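K.L.:
Heads up: the protein sequence lines correspond to chains A and B, in order. Here my numbering is used: the first residue of the first sequence is 1, the next is one more, and so on. Here my numbering is used: the first residue of the second sequence is 1001, the next is one more, and so on.
Since the hints were made in silico from the structure, they are not lab data. Fair warning: this is a prediction, and the values are worked out from it, not measured in the lab. Hints should not be assumed to be uniformly reliable.
As the list claims (entries may be wrong) - In silico DSSO-like pairs for lysine-lysine, Cα to Cα no more than 30 Å straight-line: (1) A:132 x B:1095; (2) A:141 x B:1095; (3) B:1095 x A:219.
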Amino acid sequence: MIDHVVISTEGLSKRFGDRVAVDALTVAVRAGEIVGLLGPNGAGKTTTLRMLAGIIAPSAGRAVVDGRNPASEPERVHESIGFLTESPGFYERLSAERNLAYFAAFYEGVDAQVAAARELARLGLADRARDKVGTFSKGMKQRLALARVLLHEPRILFLDEPTAGLDPEAARNLRELIVSLRERGCTILLSTHNLSEAEELSDRIAVFRTRLLAIDTPKALRERQFERRLRVRLADGVEPSLAALREEPYVREARAEGDGVLVVLLADPDSDRPRLVSRIVQAGGRILEVREDERPLEDAYLSLVREEES
Amino acid sequence: MRRRIWNVVRMEWAGMAATPSSLLFLVVIPLILVAQALFLSWIVPRFVNPAILGPTVTDAGALRLLILRQFPFFVLLIPAMVANVFATLGIVEEKVSRTLEPLLATPVRTWELLAGKILSGALPGLVVAWASAALFVAIGYALGWGSQLSSILTATFFLDTLLLMPAVSLLSFILGVIGSSRARDAKEAQNLAVLVIFPIFGLIAVQVTGLVQFTPVRTLLLSLAFLAVDVILLRGAVRLFGRESIVTRWK
Ligand SMILES: Nc1ncnc2c1ncn2[C@@H]1O[C@H](COP(=O)(O)OP(=O)(O)OP(=O)(O)O)[C@@H](O)[C@H]1O
Ligand SMILES: [Mg+2]
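With the sequences and hints as input, model every part of the structure.
P.N.:
Following this line, the structure appears as structure tokens:
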């Protein structure tokens, strides 16, 4: 089951007139995975999610969601997905409960009242169930919107910027909820601008700008984009160690940084590391710390997006 | 399928109940129309010399009959207006509140959504129209116009209220949907929707001039013509109401 693909696209494209919004997207998302869709404004994230959710038709290519083509059988696909839209709205003059019951009643085999009450409780809105949605804050509406996509307990979720507009605590609660949904076996495709959120939640991140620029685990993305350098902090002068390292064949690059720090690029950052340490010790260096020079995901993301620009 | 359509109908009604002004509209406009028709039927024969209307109108009773004859078409206005207002408000509200996209992400079919909206506007519209007609006739009898009334409660009258009226209110609804899919706000939609009333005024004008006699057959044919137009326009409306155009063009 682990490798079972539940969302896949092949050459999925969308143009609006002359403007290409999504260009030949090919991806596969496995069951139980959280994939983050990361891209600048206007990258085509919302357009992609809308095509997957069967709301707009692709101009070319195709998608398969839970074994069905959303363009030809949108209603069947809707039974098994939950789609949190970019700007979710409600009937503001009616209560939260009434709003949810309305949406729930469109699904076969769902008891609308029960489902509405269950999701209101899950999202911590039970005490406001009877209040008009018009009286809700933005964050409460966003939580209510998430409650709405969970009414039929879908196995596949498309979340378009789920934490947009939430305060830090609410955003954290929501991220915890997303993780708990994955634990229950949901497959989640979420779009976001928030890099640390993408990194925290996603098993894999798709960097996207009209075209798919890269898709991989957050760690692999960083490593792919940047060479892995080691930072070695020494108790005293770096010069003797630096001179010794420059003689070594497996050291591709070494330089001093500030007082007492060596930055070293190795041929293989893992297997050459013990050799590096013993060579420094041999040269009389007293090592305080050896660690990988982690570049933030943000740098990897920006460099991918800028490569695409130029 | 039925469950989803009724879900839409009940939600529309819950929305109306939460907006007392729409209920006011539903009740007040028909009452005004009925009162107006009663008033005209009462006052005109009283103060107008029948002779000015030509040689066929010989006395006040004949003049009243002439006015009462207009009533069936007068009643047409009621469901048409009600359906129209609900259609435009219902759809504009979905746009303004951004509920269409979440709605389209559920298993509801476009036509089910439209059918629900049609029923939610047309049912109260027709009920109110029939109630208004009954009220009018009852008051007419109470005022002693029995003989004139019984001559208008003909097959034509019943075809008119039971067939032509629903056909016209459906037309009104569809035009409302099309109008509101182009409108940016409720006000603009309402302005477009008022256009719908014109064909009805046209019918009234034809009736008043007496150029065309509305026989049962003609009423039946007219109803069928309206239904045919309904079907053609409904297809257009469903297309306009396609998921893609709603989400990407209804801004
Ligand atoms: N209905 C439309 N008509 C014309 N162009 C559109 C339409 N919808 C989207 N686009 C264009 O498609 C491109 C992608 O838009 P999309 O909304 O998918 O981006 P996004 O990645 O979701 O951006 P954001 O992060 O700002 O939400 C943009 O250039 C946008 O202008
Ligand atoms: Mg977007």
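K.L.:
Each hint should be assessed against the structure and marked as holding or not.
P.N.:
Evaluated hints:
For the suggested pair residue 132 (chain A) and residue 1095 (chain B), the alpha carbons sit about 19 Å apart, so the restraint of at most 30 Å is met. The straight-line distance between the Cα atoms of residue 141 (chain A) and residue 1095 (chain B) is roughly 17 Å, inside the 30 Å bound, and the hint therefore holds. Between residue 1095 (chain B) and residue 219 (chain A), the direct Cα distance comes to roughly 42 Å. Violation of the 30 Å bound is thereby established for this hinted pair.
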